[in-house]
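Trainee: Quick one: dock chain against chain with the hints and give me the complex.
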Amino acid sequence: MEHVFLIAAGDFKARAVRYLLTALAIGVGVALLVALVVVSDATREYVEQTLFKVYPADIMIYSDSINIPTYIVDVLRSNAAVETAEGIVITTGLYNGQVVSIVGIPLRNVDYFAVDLKEGRLPASGGEAVVEESLGVKPGDVLEVKMYSGVSGGEKTLRVQVVGVMRSFLRGFVGAFRLNLVVVPLDWLQENTGTGPFVNAILITVRDKAYVKPLYRDLKETYREAQVYTQETLLETVTQVFNALNTVFSVISGAALVTAAITTFAVMSITARERLREFGLLKAMGIPSRDILLSVAAEVVLIATVAGVAGIVVGFFGANAVKEMLIGMGINFDVPITFRPQYAALGLATSLLVAVVGTVSPLYRVARLRPLEIIQLWR
Amino acid sequence: MAVELRNVSKIYSNGAAKTVALDGVSLAVSPGEAVVLMGPSGSGKTTLLNIIATLDRPTSGEVRIMDIDVTKLSESQLERFRLKNIGYLFQSYNLVPYLTADQNVALPLMALGVKKELALLRARVLLELVGLEKAARLYPHQMSGGMQQRAAIARALATNPPLLILDEPTSNIDLENASLVLGLIYVINRLLKNTVFIATHDPDVARIATRVVYMRGGRAYETAEPPRRDFKVDMERAAAVYEKLKHLDELIGL
Chain A
567 MEHVFLIAAG
577 DFKARAVRYL
587 LTALAIGVGV
597 ALLVALVVVS
607 DATREYVEQT
617 LFKVYPADIM
627 IYSDSINIPT
637 YIVDVLRSNA
647 AVETAEGIVI
657 TTGLYNGQVV
667 SIVGIPLRNV
677 DYFAVDLKEG
687 RLPASGGEAV
697 VEESLGVKPG
707 DVLEVKMYSG
717 VSGGEKTLRV
727 QVVGVMRSFL
737 RGFVGAFRLN
747 LVVVPLDWLQ
757 ENTGTGPFVN
767 AILITVRDKA
777 YVKPLYRDLK
787 ETYREAQVYT
797 QETLLETVTQ
807 VFNALNTVFS
817 VISGAALVTA
827 AITTFAVMSI
837 TARERLREFG
847 LLKAMGIPSR
857 DILLSVAAEV
867 VLIATVAGVA
877 GIVVGFFGAN
887 AVKEMLIGMG
897 INFDVPITFR
907 PQYAALGLAT
917 SLLVAVVGTV
927 SPLYRVARLR
937 PLEIIQLWR
Chain B
53 MAVELRNVSK
63 IYSNGAAKTV
73 ALDGVSLAVS
83 PGEAVVLMGP
93 SGSGKTTLLN
103 IIATLDRPTS
113 GEVRIMDIDV
123 TKLSESQLER
133 FRLKNIGYLF
143 QSYNLVPYLT
153 ADQNVALPLM
163 ALGVKKELAL
173 LRARVLLELV
183 GLEKAARLYP
193 HQMSGGMQQR
203 AAIARALATN
213 PPLLILDEPT
223 SNIDLENASL
233 VLGLIYVINR
243 LLKNTVFIAT
253 HDPDVARIAT
263 RVVYMRGGRA
273 YETAEPPRRD
283 FKVDMERAAA
293 VYEKLKHLDE
303 LIGL
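Taken in order, these protein sequences are the chains called A and B. 945 is the number that this note's numbering gives the last residue of the first sequence; the numbers go up by one with no jumps. 306 is the number that this note's numbering gives the last residue of the second sequence; the numbers go up by one with no jumps.
Chain B on its own, in the form it takes in the complex (with noise of 0.2 angstroms):
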């Protein structure tokens, strides 16, 4: 299993006041899938999110991702885990200010240890994935949301994870661009079969699930039938661009 949650609780307290945000929740997930997370505000989408990105300790329950548990990880423990299992998208500012797109890319893939002339070697290919190869050298002030947002998930695919994560990646950007960032999700999905899972307010991401799970009152709902998958994309071009990528990993030993 990419991820296993065995009977997932989180509850906040406030003194004597306590919040269940995640009640019991079990899920397990293959590799290669993409989940989406969808419910209203306070379902607790977010915290299970975190808990499975490891940003958050569950109260009590199992997570075990790639078959670690991960629950069990020192805090330092888990910033290495993260560093090379998992690649995490925020809604908003995902990208480093002070330095440029490739940079922004190669940076945890030079905290992983690659020489930083082929850490961005591979951050333009990737750069190129996302359709930014022109933006390379451009800081995140330069881009428009959408460019940032794509620069974020090359970003976010730079250590080649086989998890990735994306909070409401396309609630901060235009239809145009969010159609964008859709299209590239599931093109990476589909060529680099990353499990994905993403958190999201937009039925329209459905589009490129293979399983939606709803989520209310900390507890997760899941649909009989498998959402159809109906996204229409460049698949060729990506490929393409996918080849090169798979030439320079064995390069880096990635």
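For reference, chain A alone in the conformation it holds in the complex (with noise of 0.2 angstroms):
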């Protein structure tokens, strides 16, 4: 196998300017590729680790309409598998042009904001809030939130006045995942909306997980106009929402990568023909084909092994920079960002397969001839 090595080493030296292009080009599609996943990932598992924090319970049963009576919610806290039922009513709002979510649940419950309380302090009484930072409000101020018509039965302002300022859920790096959370007690908004006994979402928690799909079942079962979730099927929606944009990620990762094969192609046909000579000269003194074939795999194989790592290395790097580029911009984007084996075989296998596609079929082309036809061409 030595004289095969010799022959792509020879090779690859006398056109390292052009290989290294090549590599070049090759990297960074996978750089593309590599910076795109690891962003998409570490957004998934923010979005996921968030998505646990803001939906702290095992089931949610929901209606577009606060229709649930509050009973309902004693007849679940009896059942032997419930642990914790609570009604609450999550509705929407409009505040200086934005799209609120306006939350009520019970005051015992609201010091599972504390977590994320920036200051302030949590609501006490009927009348006080605590808000989502994105809303741009102090504790202090007045919020004046026009309720839709639907939910209240006509055009209605809740004033509310705002205690506390919590973080921003999922931090408020998708705009289209902003919440505008206004955090209000339960009986307080049924009472001024004038649902009455009435809620629009209880939250269950079981005594045991393994209760999950079974009650998950049942719910469906005796709810059949309520949406019943549970955090898997919540989860399973992100997972398509986030396969949607993989897609799109792919796509542009894609385009860059057909254009490194392109890009390979032409150049290796013209490699090709430049070293048809030596091929035939190479199969007139007796090189079996197989081995010119394995020089020729061993450089692409070193090709893609180069554009590989540097695509790794700068797609990984890269992802890091753009997000610190973008907390710099005050672009709330503070994502976990982790290295992970996946990734360098991702970059490596897409390297390869860019390499293998843009380069083997010109030379095999040309490796398969016989001596004598490379002769006849080249006279």
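Quick caveat, the hints were computed from the structure, so don't treat them as lab data. Please note that a few of the clues may not be correct.
Claimed, not checked - Simulated pairs of lysine-lysine, BS3-like, Cα-Cα distance not exceeding 30 angstroms:
(1) Lys-245(B) / Lys-186(B)
(2) Lys-168(B) / Lys-579(A)
(3) Lys-298(B) / Lys-136(B)
(4) Lys-167(B) / Lys-579(A)
(5) Lys-167(B) / Lys-136(B)
(6) Lys-186(B) / Lys-579(A)
(7) Lys-579(A) / Lys-136(B)
(8) Lys-168(B) / Lys-298(B)
(9) Lys-186(B) / Lys-168(B)
(10) Lys-704(A) / Lys-684(A)
(11) Lys-296(B) / Lys-284(B)
(12) Lys-296(B) / Lys-168(B)
As the list claims (entries may be wrong) - Pairwise CB distance ranges, derived in the manner of DEER restraints:
(13) Val-879(A) / Gln-129(B): 43 to 53 angstroms
(14) Tyr-266(B) / Tyr-930(A): 41 to 51 angstroms
(15) Glu-939(A) / Arg-132(B): 14 to 24 angstroms
(16) Val-867(A) / Lys-284(B): 52 to 62 angstroms
(17) Ser-231(B) / Met-567(A): 32 to 42 angstroms
(18) Arg-856(A) / Lys-124(B): 18 to 28 angstroms
(19) Ala-887(A) / Leu-303(B): 52 to 62 angstroms
(20) Val-867(A) / Gln-129(B): 27 to 37 angstroms
(21) Pro-907(A) / Lys-124(B): 48 to 58 angstroms
(22) Arg-856(A) / Glu-288(B): 38 to 48 angstroms
(23) Gln-129(B) / Gln-806(A): 53 to 63 angstroms
What the hints assert, rightly or not - Chain A stretches covered by chain B per the calculated footprint, using a threshold of three residues with CB under 8 angstroms from any CB of chain B:
(24) 574-586
(25) 840-848
(26) 852-860
All C-beta atoms, glycine included, are put in the ideal place defined by N, C-alpha and C.
Mentor: Laid out in structure tokens, this is it:
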């Protein structure tokens, strides 16, 4: 095999600049792919973690209208599998042209938001609210939130006194996920919106995680008009969103990789033409075609490895650099970017695939020619 | 017999048009002979050379080299056969451009499975045989045409092949170098006892031949009288290098 490496190393040395530029073209595509996957994974992980924090229940029953009688909560509490059940109201309103999510929760549960409290305190009585920092208000401010007519039975304005400000859920890195939460005591909200003893969501925790699936099935069967979610089903929705995002990312990085493959193909077609005499000579000497192909393969692996490693390093550190740059620009993008072995595998496999697609076809065509065909071609 | 051709024909077809390149050529060559093929362009010299070198297959007839019917071998078997048995020299472009002279010479040996160090050692002795001991580390572009051709002869001898085939070996080099190359082929044929085939237009090449075959219209004609070999070379120096080569070959097992 020493002669295979002698040929491969000799040719690589002779065309080093060309091959390194080819590796660069592949490396750029790989770097883009790795960076997008790294960011996508980090974002998904961050959203998942935050989702579990925002949504601490094992099961949630949700209705678009505030039409679930509160006694249902008591019925659920009496279920042997249920640890806790809390009825809440989740509705929307408008503040300064921004859509806000108004959450009415029992006062005894309000300290759930304590972890994210940035300044001020939590609501202690009706009319007080803790709000998300994304709204740009401070403790002491008074908020006038216009309610949607469908919920309150006409245009209604809620006046709340801001007593506390909490950090944004999901850290506000994706505008679409910004909740603009306004958390108020449940009974005060029911009273001021005229919904009476009705809620539109019930948060349930179970005594044992094994109860989640059977209870979920029972609730879906019993409350056919309401939507029933578990953390798993919510994550499925998140996963669907991320799958869609990943498709977009794949198209972007795919375009870069296809360009890299075309560039490689063009460069290697020229190289193959240049090496025609050399292949003819080697074959006339009796060097087996298999060994000639192996020497080409060795070069392809070398190009792919250089491109892959460079792409992985640039992609990973590039993703970190972009994150830092966004944070520096005041955009809250503090997602946890960590290196995983699968990024290396993805980068190297992609690099090898692109190099093989772009390289093997032109060189294989020449390497398969019989020596006399090559000799006649060069005459 | 080193080479035996029986009624060999080669016809090239291009649609309905057919060109007869070789027309029933028969030839029997014993080991150690130096056969010079002469004739005008298109007479079939190179076609015959390519068929003997196993680079081309005849349309009909039998080609036996070292008593093996090479027309029955597969492409991969032919590659192996060429590597062990045939040293081929083209008119030009005989060296891999990105390898040094000694690497070029060592390459076929390494392909045969000889370790790199031993292959390079033999390569340097062969380069000494062709008078290029000081050019071992030079790349082809650093050598003159004559030096390249001599290095290519060393490369063709790398695996100690019983058959050496040279296509117009002196056509692309100056007179002085042509004389050097011819002297070298003569010495090699005398010392190493390889069977040599040379296709040429140059009547001077006949001075190193044991047989001269004239080609015309794809047919081979032989002179009744053997040519006079009158080439003057320094056999003593060559013999000293050859002794080194023999010792090395015992070590390598060639």
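Trainee: Hints first: check each against the structure and report whether it holds.
Mentor: Hint check results:
Of the pairs offered as hints, the one joining Lys-245(B) and Lys-186(B) holds, with about 26 angstroms between alpha carbons and a cut-off of 30 angstroms not exceeded. Taken as a hint, the Lys-168(B) and Lys-579(A) pair is honoured in the structure, with Cα atoms around 19 angstroms apart against an allowance of 30 angstroms. Note on Lys-298(B) and Lys-136(B): the hinted pairing holds, with a Cα-Cα distance of about 17 angstroms set against a maximum of 30 angstroms. Note on Lys-167(B) and Lys-579(A): the hinted pairing holds, with a Cα-Cα distance of about 22 angstroms set against a maximum of 30 angstroms.
With a C-alpha separation of about 16 angstroms, the suggested pairing of Lys-167(B) with Lys-136(B) holds against the 30 angstroms cut-off. Restraint check: the Cα-Cα separation between Lys-186(B) and Lys-579(A) comes to about 23 angstroms, which is no more than 30 angstroms; the hinted pair holds. For the proposed pair Lys-579(A) and Lys-136(B), the alpha carbon gap of about 29 angstroms is at most 30 angstroms, so the pair holds. This hinted pair checks out: Lys-168(B) and Lys-298(B) have alpha carbons roughly 18 angstroms apart, not beyond 30 angstroms.
Distance restraint check for Lys-186(B) and Lys-168(B): the Cα-Cα separation of roughly 20 angstroms lies within the 30 angstroms cut-off, and the hinted pair is therefore satisfied. A threshold of 30 angstroms between alpha carbons decides the hint, and for Lys-704(A) with Lys-684(A) the separation of about 10 angstroms falls inside it, so the pair holds. Pair hint Lys-296(B) plus Lys-284(B) holds up; C-alpha atoms about 23 angstroms apart against a cutoff of 30 angstroms. Among the hinted pairs, Lys-296(B) with Lys-168(B) is consistent with the structure: their alpha-carbon atoms are about 18 angstroms apart, no more than 30 angstroms.
Range check, Val-879(A) to Gln-129(B): Cβ separation about 47 angstroms, and the 43 to 53 angstroms hint holds. For the pair Tyr-266(B) and Tyr-930(A), the beta carbons lie near 42 angstroms from each other, so the given range of 41 to 51 angstroms is met. The hint said 14 to 24 angstroms for the Cβ distance between Glu-939(A) and Arg-132(B), and at roughly 19 angstroms that hint holds. Distance hint check: the CB atoms of Val-867(A) and Lys-284(B) are about 54 angstroms apart, consistent with the given range 52 to 62 angstroms.
Hint check: Ser-231(B) to Met-567(A), Cβ distance near 41 angstroms, so the stated range 32 to 42 angstroms holds. For Arg-856(A) and Lys-124(B), the Cβ-Cβ distance of about 21 angstroms falls inside the hinted range of 18 to 28 angstroms, so the restraint holds. Separation of Ala-887(A) from Leu-303(B) is about 59 angstroms and conforms to the stated range, judged on CB atoms against 52 to 62 angstroms. For the hinted restraint 27 to 37 angstroms between Val-867(A) and Gln-129(B), the CB-CB distance of approximately 29 angstroms keeps it satisfied.
Taking the beta carbon of each, Pro-907(A) and Lys-124(B) are about 53 angstroms apart, inside 48 to 58 angstroms as hinted. At roughly 44 angstroms, the beta carbons of Arg-856(A) and Glu-288(B) sit within the given window of 38 to 48 angstroms. In this structure the hint that Gln-129(B) and Gln-806(A) lie 53 to 63 angstroms apart at CB holds, the actual value being about 59 angstroms. Here the segment 574-586 of chain A counts 4 residues with a CB under 8 angstroms from a CB of chain B, which clears the bar of 3, and the coverage holds.
With 4 residues bearing a CB less than 8 angstroms from a CB of chain B, the segment 840-848 of chain A meets the requirement of three and the coverage assertion stands. Given a C-beta distance limit of less than 8 angstroms, the hint that chain B covers the segment 852-860 of chain A holds, as 6 residues qualify and 3 suffice.
Against the hints set out earlier in the document, no violation occurs for any number.
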